[in-house]
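Please model the entire structure based on the sequences and the hints provided.
Those protein sequences? They're chains U and P, same order as listed.
Counting from 1, one number per residue, gives the positions in the first sequence under UniProt numbering.
Counting from 1, one number per residue, gives the positions in the second sequence under UniProt numbering.
Just so you know, these hints were derived from the structure itself, not from any lab.
Don't take every hint at face value.
As the list claims (entries may be wrong) - Selected chain P positions facing chain U (Cβ under 10 angstroms, derived; list incomplete): (1) Ala36; (2) Thr126; (3) Tyr209; (4) Glu236; (5) Phe255.
Stated by the list, open to error - Pairwise CB distance ranges, derived in the manner of DEER restraints: (6) U:Thr52 / P:Leu39: 54 to 62 angstroms; (7) P:Lys59 / U:Thr52: 39 to 47 angstroms; (8) P:Val117 / U:Thr49: 29 to 37 angstroms; (9) P:Ala58 / U:Lys206: 54 to 62 angstroms; (10) P:Asp60 / U:Gly183: 56 to 64 angstroms; (11) U:Leu51 / P:Ala55: 46 to 54 angstroms; (12) U:Gly98 / P:Lys191: 42 to 50 angstroms; (13) U:Lys206 / P:Asp60: 53 to 61 angstroms; (14) P:Asp60 / U:Thr49: 49 to 57 angstroms; (15) U:Gly181 / P:Lys59: 55 to 63 angstroms; (16) U:Thr59 / P:Asp60: 38 to 46 angstroms; (17) P:Gly124 / U:Leu158: 29 to 37 angstroms.
No experiment lies behind these values; they were computed from the predicted model shown.
We put the beta carbon where it would ideally sit given N, CA and C, even for glycine.
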Amino acid sequence: MSTTSPAPSDSSTPNNSNPKTTTASTLLPNDTFPFPREFFFPPFFTRQTNLTTHHAQLTKWSSLLLAYCRHHRLFRLSLNPDALPFHNPRINRRLAPGDIRRVVDFLRRDGRAEYVLPLGQTKKDGAMTTTARGGGGEAGEGGEAFIYWRTPEEWGSLIEGWVEETGQRGSVLTVYELREGEGTRGTEIWGMDGDVLVKALGTVVKRGKAQIFQSGEDSLGVKFF
Amino acid sequence: MSHRKNKAVGLAAFDRSRLTSAQYATHGSALRSSQASALETQLSVFRSLLQQFAATHAKDIKSNPTFRAQFARMCAAIGVDPLLASSGHGDSKGKGDSMWAQLLGRTVNDFYFELAVRVVEVCGETRGENGGLIEVGMVRERVVKGRVEGMGVQGVTEDDILRAVGTLKPLGSAYSVIKVGSKQYIRSVPKELNTDQSAVLEAAQVLGYVSVSMLMDNLRWTRARAQTALEDLVGEGMLWVDKQGIEWEYWSPGFMLEGDLPLDGFD
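Below, the structure written as structure tokens:
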């Protein structure tokens, strides 16, 4: 990686020598995530006025959020400007709520995020339709967003693969079982966010490869074909 | 004229001397041509030695950057630019293979070609964040990270990067190498920097960022002049603004890439 190539006459490679002692993660002791360099670049937290630059900025923020959530296996992210990863206490910079929203919207365009609807709105059954519910403006400041480091489609295929591997096609599984049962322990499915799981199953239903039904007062069942 | 001691006397002596001067003339030209051909032979011997050397050490030249740089220097010493088309200097459009290609069969030539392609890619990938102006060292770092196929683990030097950029020139490319302050940059957009802009970039390169008041204090510029230069550079995407400090700070995007933090957080 950072092999100091023996530059012939003049040492044209400046500071490649210091070992990996001061990585970002050690600078933010509360977080194991290896924050990228831009996270320590103050302008990264100010919306850039140049459109091209702004696009580059959004792209970087997007991959930061995806990587961050993947690292911590977060399915939903609090859009709190005073918390990681939107706030960098080391350089005392934070991303403004409006700019956070822009990043989430940028991810949404790629199908990589979705606002979490505030409580009270239809959740379980509403979640089965995977179409982005436009607007999302209701999820006020400090709301939450699903960050899809795996899209519901990708989760759906993963679950379908597991069902196939374990020879459970045709049998009825409950959502609870998938999330917390012994069967999925040790797989990526175990401990999934309930809403994301239901969305994921919804995509399989959409492909006609599964069916979801109410299997109790408050629990869903699924059957893969 | 002849400086010979003249033993001959009488009229015949004139003939004699005429004869000798004619002889000298022919001898001179014979000598000259033999010297020229000797030189030519020497050159061709040298060339073939160089060729032999290159053939024997093709692997080293390809994989060892120090060795490669030294070989290039050796070529330069005898006036051979291995990357120029063999048909001559200057504007000749490369119909022949370059020296590298001739000497090494295509491998080293390909090395620089591949490298040039990577350089173009890196410039393209980062253009959004730096407005098409990127430090050579930064390009190198990225290229090494992306590791060009067939290159040794030792990677490439800045020297190689610059040579690779040179190969793009015959294509009429917009790529050029410019110097800002102490550092060399590759410019991938055909945009000339005026002296004010260069001065700002140089200051930002040294200090990390600049502000209007910093420019006013250090360069003794008027507010308007500082503002204009900064806004121009922001407009070109060559500086990023941080508005969360006491005064707006304008940062060189190169600072985002420096240090030894991993760039690729997403795996």
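Now for the hints, and whether the structure bears them out:
The beta carbon of Ala36 (chain P) comes no nearer than 35 angstroms to any beta carbon in chain U, farther than 10 angstroms, and the hint placing it at the interface is violated. A least Cβ separation of about 8 angstroms between Thr126 (chain P) and chain U falls short of the 10 angstroms threshold, and the interface hint therefore holds. For Tyr209 (chain P), the shortest C-beta to C-beta distance to chain U is roughly 8 angstroms, which falls under 10 angstroms, so the interface hint holds. Interface hint at Glu236 (chain P): satisfied, since its Cβ lies 8 angstroms from the closest Cβ of chain U, which is below the 10 angstroms cut-off.
Interface restraint check for Phe255 (chain P): the shortest CB-CB distance to chain U comes to about 6 angstroms, inside 10 angstroms, so the restraint holds. At about 56 angstroms, the CB distance of Thr52 (chain U) to Leu39 (chain P) agrees with the hint of 54 to 62 angstroms. Look at Lys59 (chain P) against Thr52 (chain U): about 43 angstroms separates their beta carbons, and that is inside 39 to 47 angstroms. Hint check: Val117 (chain P) to Thr49 (chain U), Cβ distance near 33 angstroms, so the stated range 29 to 37 angstroms holds.
Distance hint check for Ala58 (chain P) and Lys206 (chain U): the Cβ-Cβ separation is about 57 angstroms, which falls inside the suggested range of 54 to 62 angstroms. For Asp60 (chain P) paired with Gly183 (chain U), a C-beta distance near 58 angstroms keeps the hint of 56 to 64 angstroms intact. At roughly 52 angstroms, the beta-carbon separation of Leu51 (chain U) and Ala55 (chain P) lies within the given 46 to 54 angstroms, and the hint holds. In this structure the supplied range 42 to 50 angstroms is violated for Gly98 (chain U) paired with Lys191 (chain P), their Cβ-Cβ distance being about 31 angstroms.
The supplied range of 53 to 61 angstroms is met by Lys206 (chain U) and Asp60 (chain P), whose beta-carbon atoms lie about 59 angstroms from each other. At about 50 angstroms, the beta-carbon gap between Asp60 (chain P) and Thr49 (chain U) stays in the expected band of 49 to 57 angstroms. Distance hint check: the CB atoms of Gly181 (chain U) and Lys59 (chain P) are about 58 angstroms apart, consistent with the given range 55 to 63 angstroms. Against the hinted window of 38 to 46 angstroms, the Cβ-Cβ separation of Thr59 (chain U) and Asp60 (chain P) comes to about 40 angstroms, which satisfies the hint.
Checked against the given bound of 29 to 37 angstroms, the beta carbons of Gly124 (chain P) and Leu158 (chain U), roughly 34 angstroms apart, stay inside it.
Hint compliance for this structure: hints 1 and 12 are broken, all remaining hints hold.
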